[in-house]
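Chains A and B, in that order, give the protein sequences. FYI, in my numbering the residues of the first sequence are 32 to 254. FYI, in my numbering the residues of the second sequence are 2 to 433.
Heads up, a few of these hints could be off.
[Claimed, not checked] With a Cα cut of at most 20 Å, we get these calculated PhoX-like pairs of lysine-lysine:
id, chain 1, residue 1, chain 2, residue 2
1, B, Lys-68, A, Lys-138
2, B, Lys-98, B, Lys-42
3, B, Lys-210, B, Lys-68
4, A, Lys-249, B, Lys-321
5, A, Lys-138, B, Lys-98
6, B, Lys-68, B, Lys-42
7, A, Lys-249, B, Lys-65
8, B, Lys-333, B, Lys-67
9, A, Lys-245, B, Lys-99
No lab work stands behind these hints: they were computed from the structure. Note that the structure is predicted; figures quoted are calculated from it, not measured.
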Amino acid sequence: MKHCDKCKITINTHNNYCPLCQQVLEGETDSKVIEKYPEYVSLNREVYPLTKKILMFFTFVSIIILAIINLASYDGKLWSLVPIGSIVFFWILMSVGVFSRHNIAFKFATITLLLIGLLILIDVMAENSGWSYNYLMPFLLSSCNLAISTTILVRRIDYRDYILYLLTILILSLIPIALVFGNIIDITWPSITSFALAITILFFIIFFFPKSIKDEIKKRFHA
Amino acid sequence: MSKDLNYDTWFRLDNSGKIFPEVSNHRETNVFRVGVSLTEKIDKDLLQLAVDGILNRYPMFKVKLKKGLFWSYFDYNSKPFIVEELKHYVCGEIHPKKNNSYLFRVMYRNKDIVIEMFHSLADGAGVIMLLKALTYEYLVLAGKDIKPDNLVPTKNQRPMAEEYEDANSKFYDPKNKKHVPEKRAYRIKGTYLSEDLTGLISGTISTSKILQLARENNLTITEYLAALMMYTIYNTQIRYRGHIKSNQAPVKIFVPVNLRKHFPSNTLRNFSNFVKTDLVMTEDDITFENLLAHVKERFEKGMTKSELIRKMSENVAFEKNVLLRFTPYFLKKYALKIGYNMLGMKLNTMSLTNIGRIDFPESMEPYIVDVTAAVYAGKFNTLNCSIVSYKDKFKITFTRSIIETTIEREFFRHFTDLGFDVEIESNYVEEY
Numbered sequence: 032m033k034h035c036d037k038c039k040i041t042i043n044t045h046n047n048y049c050p051l052c053q054q055v056l057e058g059e060t061d062s063k064v065i066e067k068y069p070e071y072v073s074l075n076r077e078v079y080p081l082t083k084k085i086l087m088f089f090t091f092v093s094i095i096i097l098a099i100i101n102l103a104s105y106d107g108k109l110w111s112l113v114p115i116g117s118i119v120f121f122w123i124l125m126s127v128g129v130f131s132r133h134n135i136a137f138k139f140a141t142i143t144l145l146l147i148g149l150l151i152l153i154d155v156m157a158e159n160s161g162w163s164y165n166y167l168m169p170f171l172l173s174s175c176n177l178a179i180s181t182t183i184l185v186r187r188i189d190y191r192d193y194i195l196y197l198l199t200i201l202i203l204s205l206i207p208i209a210l211v212f213g214n215i216i217d218i219t220w221p222s223i224t225s226f227a228l229a230i231t232i233l234f235f236i237i238f239f240f241p242k243s244i245k246d247e248i249k250k251r252f253h254a
Numbered sequence: 002m003s004k005d006l007n008y009d010t011w012f013r014l015d016n017s018g019k020i021f022p023e024v025s026n027h028r029e030t031n032v033f034r035v036g037v038s039l040t041e042k043i044d045k046d047l048l049q050l051a052v053d054g055i056l057n058r059y060p061m062f063k064v065k066l067k068k069g070l071f072w073s074y075f076d077y078n079s080k081p082f083i084v085e086e087l088k089h090y091v092c093g094e095i096h097p098k099k100n101n102s103y104l105f106r107v108m109y110r111n112k113d114i115v116i117e118m119f120h121s122l123a124d125g126a127g128v129i130m131l132l133k134a135l136t137y138e139y140l141v142l143a144g145k146d147i148k149p150d151n152l153v154p155t156k157n158q159r160p161m162a163e164e165y166e167d168a169n170s171k172f173y174d175p176k177n178k179k180h181v182p183e184k185r186a187y188r189i190k191g192t193y194l195s196e197d198l199t200g201l202i203s204g205t206i207s208t209s210k211i212l213q214l215a216r217e218n219n220l221t222i223t224e225y226l227a228a229l230m231m232y233t234i235y236n237t238q239i240r241y242r243g244h245i246k247s248n249q250a251p252v253k254i255f256v257p258v259n260l261r262k263h264f265p266s267n268t269l270r271n272f273s274n275f276v277k278t279d280l281v282m283t284e285d286d287i288t289f290e291n292l293l294a295h296v297k298e299r300f301e302k303g304m305t306k307s308e309l310i311r312k313m314s315e316n317v318a319f320e321k322n323v324l325l326r327f328t329p330y331f332l333k334k335y336a337l338k339i340g341y342n343m344l345g346m347k348l349n350t351m352s353l354t355n356i357g358r359i360d361f362p363e364s365m366e367p368y369i370v371d372v373t374a375a376v377y378a379g380k381f382n383t384l385n386c387s388i389v390s391y392k393d394k395f396k397i398t399f400t401r402s403i404i405e406t407t408i409e410r411e412f413f414r415h416f417t418d419l420g421f422d423v424e425i426e427s428n429y430v431e432e433y
């Protein structure tokens with residue numbers, strides 16, 4: 032035990048100063064005493080690796096240059112949105128798809144939706160021939176459906192975390208069919224196939240796992 | 002009614018718990034800690050086994066926080082809980098991604114077991130229950146012959162639904178929910194420590210002596226300490242400086258009240274409210290006796306049943322507001338955040354939490370040295386104080402986010418001047 036003359040307190044420590052008044056402590060402490068609180072260990076702050084810094088720098092510079100060139104030579108077309116969109120997509124793919132710790136169903140759903148958006152943008156900016164929403168949108172939604180369903184089947188323990196994203200994608204699979212009726216999509220078989228797949232998966236869940244959907248909806252939507 | 006623990010288990014956040022996830026960050030962590038010192042070195046593996054056993058008994062702690070459309074909620078957490086060694090952080094942010102999504106930590110060091118908990122999950126009384134159960138389980142696994150004596154819950158009991166109830170809404174009175182506007186409180190000034198550091202100084206004095214001292218003044222211990230705290234703040238920070246604008250704000254000591262003692266409920270969730278001192282201290286001749294009288298008056302007014310229900314209903318009414326209820330979560334988040342930053346936090350100078358006396362069964366007492374409690378210190382509440390007593394050890398712990406220790410020094414000197422023995426512990430944050 033050490034003590035401080037000034038504050039008249041006792042303290043069991045190997046440190047030499049009174050924590051209250053910074054005066055030198057008197058007395059001896061048993062060498063077997065272990066400090067009550069651990070010593071400071073510097074935080075391992077995440078420092079951006081050089082590659083990321085370089086990539087960041089070029090990303091910002093190219094986005095600004097692309098935008099400036101596009102605006103300076105503006106002829107009615109915002110073509111710079113295509114490369115800028117691709118660059119942004121790359122970053123989201125990296126941060127959400129690869130490096131984040133989000134659950135896998137969330138990654139599938141987010142990346143698929145963004146990819147569809149990007150492809151439609153490219154299509155519209157180019158010739159507007161409709162390949163993106165005629166073919167790619169239904170196919171991408173279908174593959175996302177299949178991917179999440181497979182994940183649920185394989186990693187059943189976490190199915191409750193995934194089912195919401197599956198439902199989201201299932202509902203979004205209705206969009207192509209709606210577009211067919213709105214006469215925007217002229218090639219109908221991919222949309223119909225995708226819709227059929229979505230409905231099959233939905234009925235599969237409703238018939239075989241009705242409770243899981245009910246519970247998930249109850250949890251997520253309680254007010 | 003009991004509820005089986007399985008993958009479908011989920012819980013709503015309780016009324017006070019709803020605010021914390023939105024307003025917490027690495028600086029305002031809203032984390033608090035309780036710890037127990039045993040007589041022997043802690044065995045990590047036994048502690049791990051003890052925690053695993055306890056988590057089956059308390060499904061409400063085996064959860065992660067998830068977002069819904071309107072509110073966030075606690076969902077069953079299938080990942081394993083892992084005990085860790087105590088680091089230098091005091092009540093640091095509990096980052097879900099680094100903690101297997103759990104909202105509390107169990108740590109060990111030498112002879113100490115420490116639990117740190119996010120305030121959304123439980124309040125002081127709830128976490129003390131967990132600490133008792135964990136200590137009991139640990140000592141049993143360590144081969145000690147001890148009995149629970151109905152003072153500690155054991156892992157063999159069944160979980161009870163009343164342990165998870167949101168007691169605040171149970172006592173909600175829609176007729177008694179008037180909002181009383183408050184002024185911003187005085188902020189204790191000082192030089193900030195670097196962000197990942199929190200200073201901790203605790204002093205142990207004799208329970209019987211301080212009880213006697215409070216009784217001599219016709220007050221409870223908490224009232225006496227709240228008055229002393231105001232007097233210390235006044236002497237070290239405000240006296241003769243009343244002409245400075247920032248010193249003209251009222252000093253408000255926030256004292257949580259454990260509502261389980263006032264209303265029948267066994268919940269482990271948040272079920273506490275508060276009383277506050279509130280005094281502008283610009284005059285130069287405020288005496289300690291003035292403050293004792295002020296605190297006594299404020300506490301008597303604040304602790305009446307109707308006033309406690311009013312404060313409770315005020316919060317619950319906010320949650321029951323139809324407009325807010327059906328605002329999607331991602332918007333509501335910002336509403337809560339802005340509201341809390343504008344008001345909530347800045348209405349208190351500091352918090353003084355008295356967890357009270359901890360009783361262990363007689364057979365456990367030989368193995369337990371003392372109990373500690375601490376709360377986080379943030380950017381506005383730069384100094385906080387929590388008190389817990391076990392047998393004759395009355396432990397007052399200050400946590401601070403500033404370098405200066407003048408308030409602690411004067412506070413403890415008050416007791417040494419009265420002839421008390423004070424034993425100090427510090428994490429020596431100023432040495433780094």
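Verification of the hints:
1. A distance of roughly 16 Å separates the Cα atoms of Lys-68 (chain B) and Lys-138 (chain A); the hinted pair therefore holds under the 20 Å criterion.
2. Proximity of Lys-98 (chain B) to Lys-42 (chain B) is assessed by CA-CA distance (about 30 Å); at most 20 Å being required, the pair is judged violated.
3. Distance hint between Lys-210 (chain B) and Lys-68 (chain B) is unfulfilled; the C-alpha atoms sit about 49 Å from each other, more than 20 Å.
4. Among the hinted pairs, Lys-249 (chain A) with Lys-321 (chain B) is consistent with the structure: their alpha-carbon atoms are about 18 Å apart, no more than 20 Å.
5. Between Lys-138 (chain A) and Lys-98 (chain B) the alpha-carbon distance is near 16 Å, which keeps this suggested pair within the 20 Å criterion.
6. Restraint check for Lys-68 (chain B) and Lys-42 (chain B): the C-alpha separation of about 40 Å exceeds 20 Å, so the hint is violated.
7. Our distance criterion of 20 Å between C-alpha atoms is met by Lys-249 (chain A) and Lys-65 (chain B), whose separation comes to about 17 Å.
8. Of the supplied pair hints, the one linking Lys-333 (chain B) and Lys-67 (chain B) holds, its CA atoms being roughly 15 Å apart against a limit of 20 Å.
9. Of the pairs offered as hints, the one joining Lys-245 (chain A) and Lys-99 (chain B) is violated, with about 31 Å between alpha carbons and a cut-off of 20 Å exceeded.
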